[in-house]
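> Going down the list, the protein sequences come from chains A and B.
Under this note's numbering, the letters of the first sequence match residues 1 to 1035, in that order.
Under this note's numbering, the letters of the second sequence match residues 10001 to 10157, in that order.
By construction, these hints were calculated from the structure, which means they are not laboratory data.
There could be a bad hint or two in this list.
Heads up, simulated DSSO-like pairs for lysine-lysine below, C-alpha to C-alpha not over 27 Å straight-line [claimed, not checked]:
hint, chain 1, residue 1, chain 2, residue 2
1, A, Lys708, B, Lys10022
2, A, Lys951, B, Lys10022
3, A, Lys715, B, Lys10100
4, A, Lys1022, A, Lys909
5, B, Lys10066, B, Lys10100
6, A, Lys467, A, Lys266
7, A, Lys425, A, Lys467
8, A, Lys197, A, Lys425
9, A, Lys261, A, Lys173
10, A, Lys173, A, Lys259
11, A, Lys493, B, Lys10100
12, A, Lys612, A, Lys596
13, A, Lys197, A, Lys266
14, A, Lys596, A, Lys708
15, A, Lys81, A, Lys173
16, B, Lys10022, A, Lys715
17, A, Lys840, A, Lys909
18, A, Lys425, B, Lys10100
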Amino acid sequence: METDPELIDQFVAEATELLTTAEEDVLALEESGAGADPALIDRLFRALHTVKGGAGLLGFTTFARLGHAMEDVVGSLRAGKLQPGAEVSDPLLRGIDRLRTFLADLQNDSVDISDELQRLEAVLGAGDQGQEEATAADEASSTDADTLRDFLGDANEQVMAAADALSTLEEAKGADVQSAAGELAAILKNMVTGAQKCGLTRIADLAAALAGLAELVRDGQSPVDDEVLGAAYAGLDALRMLLFSPEDDEIPISDELAKLKELTEKRSVRAGPGEVSSGPPASESSSPSASPPADVPGEVQTPVPSKAPASAVEAPVQAGGDAQAQSIRIPITLLDRLMNLATELVLVRNQNIQAVQAKDIAELRSISQRLNVVTSDLQATIMQTRMRPVSTVFARFKRVIHDLGRQLGKKIEPVFSGGEVELDKNILEAIADPLLHLVRNAADHGIESPEERIAKDKRPTGRLRIKASHRGDQVHIEVSDDGRGMDADELRKAAVRKGMLTEQEAAELSEREAFSLVFEPGFSTSEVVTDLSGRGVGMDVVKACIQRIGGSAEITSTPGRGTTVTVRLPLTLAIIPALIVRAGDACLAIPQTKIKEVVWLQGPTVADAIQKVDRQEVYWLRGQLLPIVRLENVLESSFGEEAEEEDEGPPVTALLPKAQRTEQGDVVAEQAGPTEQQDVHIVVVRAGAEQFGLLVNEIVDTEEIVVKGLHHQIKDCDAFAGATVLGDGRIALIVDVAAIAQLSALRFAEGQETVVGQRSPTLEPRTILLFDVGTQELFAIPLCLIIRVEEVPVDRIQTANGREYLEFRGAPIPLIRLEEIVQGLAPRYPDGALYAIIPKSSRPFGILASRIIDNVEMPPQADLQAMKRPGITGSQLIDGRLSLMLDVYGIIETVYPGWLPIEEGLAGKRILIADDSPFSRLLLASYLSGTGLEIEFASDGREALHAIRQKAFDLVISDLEMPRMDGLELAHALARDRRFASLPLLAVTGLRAGVREAALDAGFWDCKSKSDREGVLEAVLKCCSPDVAAPVKQS
Amino acid sequence: MVQFISFDLGGTFYGLDVLVVKEISANTDITPVPRAARHVRGLVTIRGEVVLVVDVAVVFGRDPRKVTPDSRIIILRTAAELRRSRFAESGADSNVFGDKPVGFLVDRIGDVITLEDDSVAPPPPHLKREAARFVQGVVHLEGRTLVVLNAAELLTN
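Next up, chain A with everything else stripped away, as it sits in the complex:
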């Protein structure tokens, strides 16, 4: 009987999960010490018991034995004979590790577990080990008395049946030999199962050994000779004896057992080479490594090592990896939903057939719409089946941190959050190792020894925080420690010392660039490469791993306070929303996750809008200087010289207008000429923490694209992440944004400002979008809060549960009509098309408008009346019409409470916003709406100072440029007053160039751009979090 491969898969999946919980429980036990929760011990016991049982069932005897020994130890814990502690948890953890390696390599059941067993036995107590074992057996028999009785009844019959089968085998010839041996093996395996359930390991071991021999015969690897028959009969006799008095440990079976094992091993080894000539067809065995992976599971089934030595080396690795990758657990509810969707799809198809036959165009149109909905639902649901919570990876880290702490003699407290965040299975698997490396790094290099920490006036226990969170279409995972941190200057010096940079280059690096040096190959700051994180795998590998799956990594650090590595990851790999653009003649796809926004420049304005600073083209985007890359130029840059030799080249070279094949600097100059008359679009993209503008000629469409891998010949171009087939059958290459940034040798400076010292006149974010809903009053939303305004034909709006939805970037987003919020509104929406205004948000939603009026600049001293009405923050007369400023985030919170991620720990805190511009005040307040913060305002520094002296605030957000007393003066004033030493101060500004340093010097904890909602929110959260201390101020 072959063991069902599905059964093995299931066992592996289940055992892996159980071991994970077991590991956590062991760690928790150690922590809680003597007062451990009995329920915890029970759970641990059950987990080990189940794992052991399953292993026995499948004939993995070594595994079962180890499992049993571990179970014994936990049994003693349960009985109170042992106390939880390091000396108990250590052998248990080692056992769990061993079982894990075993799961990855099921074929190898003959691993040496003596060390683990010894440790476990030592724990059980060297003195009265016999007694202990007897108690354990007692325990098993008392709890499972019924099972035991049943088993013994069955087993006696089974032994008789086995004896029958053996005598049949003795006389059988030809094919009958194999069937008889198969029967024998099956009977014995049943017995193993039963014996395992009752904890009768000796019986199980013996029966398993017999079964192993029978399987060899069945598989034709051993003839039925006297030696085999002798061992088998002797084994069966011993088995009979054991069954007669199952709990008598004195009955010697070691001889029989040894004989059986020896024989099995000898025969299977001998059979190995012989198999090649006589066994399966030559083509299969001649190239075992070239056979398709589908063959591999077949090999996993045979628990007896029977392969030729050469392939035995690599096969287990493959098999282990595949066994885990080939099955996945899916919640029933998800399957039900898939089933429902499939049913719906069939329904739509049937309707479609009918409509086609009837040539009913109107009906077809509505069917096509339903098809659209069903398909995207189906796709989304199928994608969900691949999603796994990040906690599965976190669980591993808990253990690693525990071990590291012990090894390094440090006290490290792991803090996990966001474990429920889900990621595609493939991504999760791909990041596990890089993250592990980051965790090791943090523990090894980041966190100091307790003595060092005490000397620095820190808590002796270091904190290692691993946090996952959703950010739009991405998942961020942060690994941060509160250790010694890194000094950007040290990094600069190290880079010079290693000859990676010249002194001048190093000096020019911004802080962010300096930190990113750590990711360069061959760069290690730790003077001593320790055993832990210096093992040949550097941060460069970590970065490469993360980039390979479309993610990015960034380091920030403060000397003495700690280091944070942020890993940004896409949710999934297979199907992604993308913007289809045209650059020159090429049709390209840019992944939406990389896109921040798109700016449309109309022909005549292009020349003015795009300026050149030191050969680098730039664009002022709401007060930030954005480096511009002409996509067309970058893509053509490398093969210009070659192409020029061709007079009648292929269409590839026809792409290039002659003028562009010159040096890049000149290209720009020529481009600034008449060609600029056409409209262009700047796609603002993110490459890591930096952003830049990709200049393209046309925005074609947004599409959900299926990513196809590239042939290695194209991968060498270093510009594309893949290709895709568009809806119209054309091929579009997918732009690799990070690679483009590298190709065009962009340099970024702190805070995006490429050039310092130049101040744009209009830096305050005060452009607003005006629209109406067919009413007298206008509505206004700050433009910097909007990512997109989409024209929506009425029939694209779907209704479900009385709510309206719009498909946006492949997912339905809720639509809000203003009359739901604003009382007394009598809107008139047009019949044809509406507009959906989509604000920046981690979870998108839309606000419906009937007409977009205009973008207008608010005058700096606008007479903005604050207003306390639901959904409205203020009002102003614009061109004689009343314009109501909307509180976009307040609106979504009112209609869909909990839609925006709840920022924990902010509720009830009191915050003061000091800014002279009423618009900015409202803007900042709107960022914070829904957080439960209590917000007060001040219109300049003096007012703020007064308020702070009157009342206790948890945080002060201040503009830098204010009349009477500006932000810096306010900070200095507060710094002189010891009462406010720990009051968090956050600077916000429209003028970013060069002021950041000044703000930090003055004592602000951080400085953010006013139009950067996420940044402000993040900073507020950070400032309000209880374990963040005030920055050390330089004197």
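Fit chain B to the given chain A structure using the hints.
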């Protein structure tokens, strides 16, 4: 018996073993790939698959071919497809064919030519050493010479 798909490329009559050929496509709507090597002509799509098109002429060191209405793309089997085919029986290494489909751009497709196993003669010595790598042998047929190409070598360049 061996069979070759014959084709014309710049006036020379070439042949490719049918076992390595998956299909012939008339879709020469090739999307160029910026920054790619010169012999990479671009990408075409065949039933949703993206196929890399190689300009064999460039590999031979000649000028790129022009696409005409007669032009065709010979799409080769991938390594996995070869393993499932009769090709595997020959014991030849299929790994160089890779896991992503590749096609050769040719001027015109000819007949399938069936020959005895031993009728392919070794390449003549006067072939340039560079080109000789790609030639498996030659066959003389009623006044024409069929140059049999070695697809595996072409793919490893």
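> None of the hints should be skipped; say for each whether it holds.
Hints versus structure:
| no. | hint | verdict |
| --- | --- | --- |
| 1 | A:Lys708 with B:Lys10022 | 20 Å, holds |
| 2 | A:Lys951 with B:Lys10022 | 80 Å, violated |
| 3 | A:Lys715 with B:Lys10100 | 12 Å, holds |
| 4 | A:Lys1022 with A:Lys909 | 13 Å, holds |
| 5 | B:Lys10066 with B:Lys10100 | 25 Å, holds |
| 6 | A:Lys467 with A:Lys266 | 53 Å, violated |
| 7 | A:Lys425 with A:Lys467 | 18 Å, holds |
| 8 | A:Lys197 with A:Lys425 | 34 Å, violated |
| 9 | A:Lys261 with A:Lys173 | 25 Å, holds |
| 10 | A:Lys173 with A:Lys259 | 25 Å, holds |
| 11 | A:Lys493 with B:Lys10100 | 45 Å, violated |
| 12 | A:Lys612 with A:Lys596 | 22 Å, holds |
| 13 | A:Lys197 with A:Lys266 | 30 Å, violated |
| 14 | A:Lys596 with A:Lys708 | 24 Å, holds |
| 15 | A:Lys81 with A:Lys173 | 56 Å, violated |
| 16 | B:Lys10022 with A:Lys715 | 24 Å, holds |
| 17 | A:Lys840 with A:Lys909 | 24 Å, holds |
| 18 | A:Lys425 with B:Lys10100 | 23 Å, holds |
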